[in-house]
Structures are given as C-alpha cells and as structure tokens.
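Peer 1: Got chain A; can you put chain B on it based on the hints?
First to last, the sequence lines map onto chains A and B.
Going by our numbering, the first residue of the first sequence is number 1, and it counts up by one from there.
Going by our numbering, the first residue of the second sequence is number 1, and it counts up by one from there.
FYI, nobody ran anything at the bench for these hints, they're computed from the structure.
Please read these numbers as outputs of a predicted model, since none were measured by experiment.
Any given hint could be a false lead.
Repeated chains share a single entry, so a pair holds when one copy, or any two copies, can fit it.
Claimed, not checked - Derived EDC-like pairs: lysine to aspartate or glutamate, alpha-carbon spacing no greater than 20 Å straight-line:
(1) LYS187 with GLU46
(2) LYS275 with ASP37
(3) LYS296 with GLU250
(4) LYS296 with GLU53
There are 2 protein chains.
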Amino acid sequence: MTDPDFDARKARAAAWFRDLRDRITAAFEALEDAPADAMPSHAVAERAPGRFELRETRRDEGRGGGGLMSVMRGGRVFEKVGVNISTVHGTLGARAQAAMAARGVPGMDRDPRFWASGISLVAHMQNPHVPAVHMNTRMFWTPGAWWFGGGADLNPCIEYPIDTDHFHAALQAACDAHAPDYYARFKAWADEYFFIPHRGRARGVGGIFYDDLNTGDWEADFAFTQAVGAAFLPAFLPLVERRRPQPWTEAEREAQLVHRGLYAEYNLVYDRGTKFGLETGHDPDAVLMSLPPLAKWV
Amino acid sequence: MTDPDFDARKARAAAWFRDLRDRITAAFEALEDAPADAMPSHAVAERAPGRFELRETRRDEGRGGGGLMSVMRGGRVFEKVGVNISTVHGTLGARAQAAMAARGVPGMDRDPRFWASGISLVAHMQNPHVPAVHMNTRMFWTPGAWWFGGGADLNPCIEYPIDTDHFHAALQAACDAHAPDYYARFKAWADEYFFIPHRGRARGVGGIFYDDLNTGDWEADFAFTQAVGAAFLPAFLPLVERRRPQPWTEAEREAQLVHRGLYAEYNLVYDRGTKFGLETGHDPDAVLMSLPPLAKWV
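Chain A on its own, in the form it takes in the complex (with noise of 0.2 Å):
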C-alpha cells in the first residue's frame, strides 16, 4: 500500500463526520423555528428558537487530538441535544491495549498507536411525545487493522409503532443498499447491546448497532458508515414533525423523567464509548453530553 498510514482516507473520514455534523445541526435549528401553531400550546412554544453553542475539546495533556462539541439547551423542541465530533490519535494506555489484544486486533501487542474519528449524537425532548435519539458512527485505525462502528436507537417514553416502524425502515432501506444481510444482523446486535441487564428490559425500542465492521473493501465499508449517518435525518425528523403538536400532560412529563433515568444508567454503566472516553481522558463534559438535563429516580 503507498499510504500505510491511511492518512488520505482518514481525512476523508474526518470530513464526513464533520459535513454529517454540519447537516444535522442545521436540521435541528430549523425545527427550532417552526410556527406556534405546529407547537403544543405549553410554555415551551413562546421560548426564542434554541440554538447551538459550540466548544472546542482537547483531550489530556501530552495526548493528540481533539472535537467539536455543540449543545443546544432548553430549545422549543430540544430540551438537551449534543452532537459531537473528534478526530483523536496516540497511544492507548496498558489496559486499553491488553483489550485491543484480547480482542484480536491484529499487530496490538506490539504497536498501541491509535487514531479515531467519529460524531456522536443525542437528543432529549422537551414533548414527551417526541422520542429520545441516539446516532454514533465512527472510524477506527491501529497499525494492524482499521474498522468501523456506530448505529442509531430510539427511545421514547410514550411509544407509537408508527413511529418506531419508521425509523426501522429508514434504517433498513440504509442497510439494503449494502448487503442483504445487514439490517437483520445489526437490528440484532441493537436488540442485544441496548439492552439494561440489571432492569430485565431494553432501553428504547432499538434500531442497528454494528462495530469491528472491516469487509476488507474500506471504500464499502465507509460508504455504508455515510448511508447510517445520511439516513438519520430521514429516520428521524418526521417523527419530530407528527409529534411536536401533540400536548402532553403532567404524568408524561413525570414518565418522561423517570425514563431518562433509565438512559442515565444505561450510559453510566453499560455504554462502551462512555467508558472508553472516560478512560482515554477526552472532556468529561464533551463524553457525558449524552446525559439528560433533568433524569428522576423515584
């Protein structure tokens, strides 16, 4: 190979999280400026139109990289929504490498240099009518190996099959396009990995999960990474569009929040990306922006 560092398709990676980002934040302002009248008549409706507020993240000192972190707070629509992106690199610690190893990745127990990129997103409402989101998608290199991960789940306190089917199959038809078998694996793998083992119960209603995905065909398998990313508007902002008038009452509101505690535990405990920007040393703020802004425990 001319580019054993993958420098030139790393780029491409990294700009595709970053053009994704652009996209999507630029959807959610929009629906920011909806009518009143496409609004639930709740104090909600007569707030200015949320906006995000950027930062930039460094990871610790001594190690490379960094993101892009932007957070709209107490919106019309968007109670809490984070959508972030990072490109970082160096060398994994002992115990991250003794995993990679363990894991398989080729050429681990001799050369912990890493690179990742990737975006990350999630989205609490204010209607609790209107689903919570997930979507992640990322690049993963090492010396030996580069592969791709991510997917997309919903999760609503206040479910409607309608609305779940849809995004299944926005999700699905993203799958399709690439290998028969996808949908039906990673819808799975979702089912699997956003599961709360210690409440017997899955977090949301799913969607697709995938990671270690390398064919051996990388322009395959980062052109299915773009149709998971692409397909996430489509998947998602027509359920916004049917919700966002409903009215909601005060014990959805309290379901809302106790559901949300839910997500809190499941990100807290089980979720593989907080653990490893936890234990990398990215911002806390920038790993933990997937946290509700108001979660009840009763």
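Peer 2: What follows is chain B alone, placed relative to chain A:
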C-alpha cells in the same frame, strides 16, 4: 471452633444492622415533624411530614436472602432517603469467585459460598444548604474468611467548613476509641475511594471508608463497625438542625441538582456496592435507591 459457619455471629451482625436501621428511620421521621418555625418559608414547609414506605426485597430466583427497603420521598426535610438492610447468602458466580480469589480471600478457589449482611443509606435533602449523606456498613463471610467494611461521607453542594469539621470529628471519635491509626487510614481511604477520576475531583467532602477489616478479633471488628454506625446520627443530625431553617435561592437549587448529577455518575460508574448488587442479581430498585430523586446535567 465450635461454630465453623459463624451462625451465632452472623445472627448478631444481622440483628445489629436491623436495630441501627430502626434507630435511624425513627430519627429521620422525627426530623420531618419539626415545627414550621424550624423550616424556611418554602413550599416544602407546608407539606405533611414525610414517612418511610417499606418494601421487602428478594434476590433472583434460586438465590438466598433478601432485605428490607425503606424509602421516604417528598418530605419536608428529605426529598428522598433510602435506608436498606439486606442479608444474603448463596454461591458466588464464576466471575465474582475469580475476583475474590484474586483478591486473596482464602479458600475462595475451592468453595464459593458466601454470606453478607449490611445497612446502606443515602439521603438527598430538600434544602440545598443541608448536605446529602451516605453511610454503609456490612459484614461479609466466606467458608475461609470474614471481614467488615463500610464508611460514611458527606456530599454538600454548598460547603460549610463548620459542618464538614463536625462530621469528621464525630467519625474520628468513633475511630479513636478503637485504634489510634483508624481515622487517618480510613479518612485517606475515603479520599481515594470517593474520588471521581473523570472529573478530577472528590464527590463530596469525604468521611471514612474501610474494607477487608479482619484483625483476627471478630468481637473487636464488630464493635468498631457498630461504633461507625452509632456515630452516624450524632455526626449528621446537628447539621440538619443547623441548616434546615436557611432559605435558598433558585441558583442554589440548580447547584444542588447539578451536584446530584455528579453523585449519580459516581454511583453508576465506580461504586463497589452498586456493581456487586447489580452483578449478583439483587433487586435493582434496592441497589439503585441511592440515585437522586431529580438530577441535572447541563
């Protein structure tokens, strides 16, 4: 030894944790009964005094033991407080057995039976000037070993050195009566244990923490564990009485909710008791009773 299974001692320890629970829940309900002039002029003062609700908990099918969960919610002084006792026994799973054997627990490689009893308490207060608090003590038995562990720590969102000093002094008195080095050792252990690495800060203002306590003298170690439990009310009640009448601002309430987010992060990511409880299949509501009634991540 005529009682190789320690049955009489196990019964005494379990009875003590039950007795301590009764004393603490009675004292907390008495705090709720304070006259209105001992309360600030907030809406909480007009509520009915809070009372504990009790629920028996049981471990998953086929595993022995259970406990008693006592929770008071939405009181005048306590926003949410849980006082749990449990006495459980059975056979450790392969993973927990390996972890204990690796820690050097004698005989663990051959016979994975265990017995454990303890009390665990976390209080989240209405008034941001009154500190949140945690206390936990327990006895652990295996066929080849026994030990005690526990501690208490103070978690104010607004720090008052006079309160911190009082809390530490009460714990120090309990320690000093048993061994001259206990306080210094166990305070240092708490500083290390109640630290949140990803935030680079302690979760509160410390206290004491100890584990694996086995001096070879069961009576002495049990007496010390009783002393720690008995020191809790004198350490904490005066702080509640001093701060309870103090009015608070919206900004102080916000600071309290954000501080509780830190507490939830700590408990879900690092706490040993939480991990042990979730992994051994104890009732998740009992294990997670420590989580705040309402928490905020900005």
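Peer 1: Hint by hint, say whether it matches the structure.
Peer 2: Here is what the structure says about each hint:
1. For the homomeric pair LYS187 and GLU46, neither the shortest alpha-carbon distance inside one copy (39 Å) nor that between copies (51 Å) is at most 20 Å.
2. With identical chains, the CA atoms of LYS275 and ASP37 are never at most 20 Å apart, being 42 Å at best within one copy and 48 Å at best between copies.
3. Taking the shortest Cα distances, LYS296 and GLU250 sit within 20 Å of each other both inside one copy (14 Å) and across copies (19 Å).
4. When the C-alpha separation of LYS296 and GLU53 is checked against a cutoff of 20 Å, the pair qualifies only between copies, where the shortest distance is 18 Å, while the shortest distance within a copy is 26 Å.
In terms of the numbered hints stated before, the structure departs from hints 1 and 2, listed from lowest to highest.
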